[in-house]
Amino acid sequence: MGQDDKTRKDGEAGIGRRQFFRALGGGTAAAAAAVASVPLGTTEAQAYDPGNAETRSRYRETDHVKAFYRTNGYETLKK
Amino acid sequence: MARMKFLCDADRCIECNACVTACKNEHEVPWGINRRRVITLNDGKPGERSVSMACMHCTDAPCAAVCPVNCFYTTADAVVLHSKDLCIGCGYCFYACPFGAPQYPRVGNFGSRGKMDKCTYCSGGPEADLSVAEYEKYGSNRLAEGKLPLCAEMCSTKSLLAGDGEMIAQIYKERVIKRGYGSGAWGWKTAYRETIAI
Numbered sequence: 001m002g003q004d005d006k007t008r009k010d011g012e013a014g015i016g017r018r019q020f021f022r023a024l025g026g027g028t029a030a031a032a033a034a035v036a037s038v039p040l041g042t043t044e045a046q047a048y049d050p051g052n053a054e055t056r057s058r059y060r061e062t063d064h065v066k067a068f069y070r071t072n073g074y075e076t077l078k079k
Numbered sequence: 001m002a003r004m005k006f007l008c009d010a011d012r013c014i015e016c017n018a019c020v021t022a023c024k025n026e027h028e029v030p031w032g033i034n035r036r037r038v039i040t041l042n043d044g045k046p047g048e049r050s051v052s053m054a055c056m057h058c059t060d061a062p063c064a065a066v067c068p069v070n071c072f073y074t075t076a077d078a079v080v081l082h083s084k085d086l087c088i089g090c091g092y093c094f095y096a097c098p099f100g101a102p103q104y105p106r107v108g109n110f111g112s113r114g115k116m117d118k119c120t121y122c123s124g125g126p127e128a129d130l131s132v133a134e135y136e137k138y139g140s141n142r143l144a145e146g147k148l149p150l151c152a153e154m155c156s157t158k159s160l161l162a163g164d165g166e167m168i169a170q171i172y173k174e175r176v177i178k179r180g181y182g183s184g185a186w187g188w189k190t191a192y193r194e195t196i197a198i
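These protein sequence lines are chains A and B, in that order. Quick note on numbering: UniProt numbering labels position 63 of the first sequence as 63, and the sequence is numbered without any gaps. Quick note on numbering: UniProt numbering labels position 16 of the second sequence as 16, and the sequence is numbered without any gaps.
Hints are not guaranteed to be accurate.
Claimed, not checked - The following label-pair restraints were derived from C-beta to C-beta distances:
1. B:Ala65 / A:Ile15: 43 to 49 Å
2. B:Ile33 / A:Thr55: 21 to 27 Å
3. B:Lys45 / A:Asn52: 47 to 53 Å
4. A:Arg70 / B:Ile14: 20 to 26 Å
5. A:Thr62 / B:Asp85: 26 to 32 Å
Claimed, not checked - Mimicking DSS-like on lysine-lysine, the simulated pairs with C-alpha atoms at most 25 Å apart in a straight line are:
6. A:Lys66 / B:Lys5
7. B:Lys147 / B:Lys24
8. A:Lys66 / B:Lys147
9. B:Lys24 / B:Lys158
Simulated from the structure, these hints should not be mistaken for lab results. Glycine residues also receive a C-beta, built at the ideal position from the N, C-alpha and C atoms.
Given these sequences and hints, build the entire structure.
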């Protein structure tokens, strides 16, 4: 005999712990089935698709950039 | 097509943190966020090494792979950018990134950290180039101005290189051929004496 059964009074009103969770589980499954039956489609999430404008190349080898490359290679320049 | 890369010449970095300061100032990065940090290994010991770290703009970015809202995209310059309009601040990218690049404006749990912020390679975001909206969200867009990231441009020892990957790799190779590497480098034995070899 378990501890719960020892402490429970005979003829106690209401449902027991095991019955309560069993009933709750059944109710949750019914709710999930109801949600699954609702048709999807109109509000489906869309992945972000950046256009060509956002992803186009912005790097240009300007005089500014060439100066950066040149000054970083000072010690290896041919004398 | 040029691929944008960072390369930190660890033999030259003196841990001045100027790159960190310049980045914060250029983009008006909010308190609590550092898009770039200097990491020092064996701090205070002979042979210590410092490396300036930020988003490395990975080819197959793990942040983009785990993002539940697909807010990341890679530009034709191979720069990994993200949309703050889509970001939900979940923090997955922070856990996925091997460099700790994604940062958040607030400390909090799922969804309460605010929009993720990271290095943009000074190339803004999805908004129109050089617009006010782009500056407010992502900072300045130096690449569109024909410049390179400020952290690299103002590095005092020219340790941090940025630009076309092939070009900066060539600069670094030529440096190594000229000066040697580690204990073979010019000035190494003056600074660390003969006994230390790394």
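Hints that the structure is at odds with (numbers, increasing): Violated hints: none; all satisfied.
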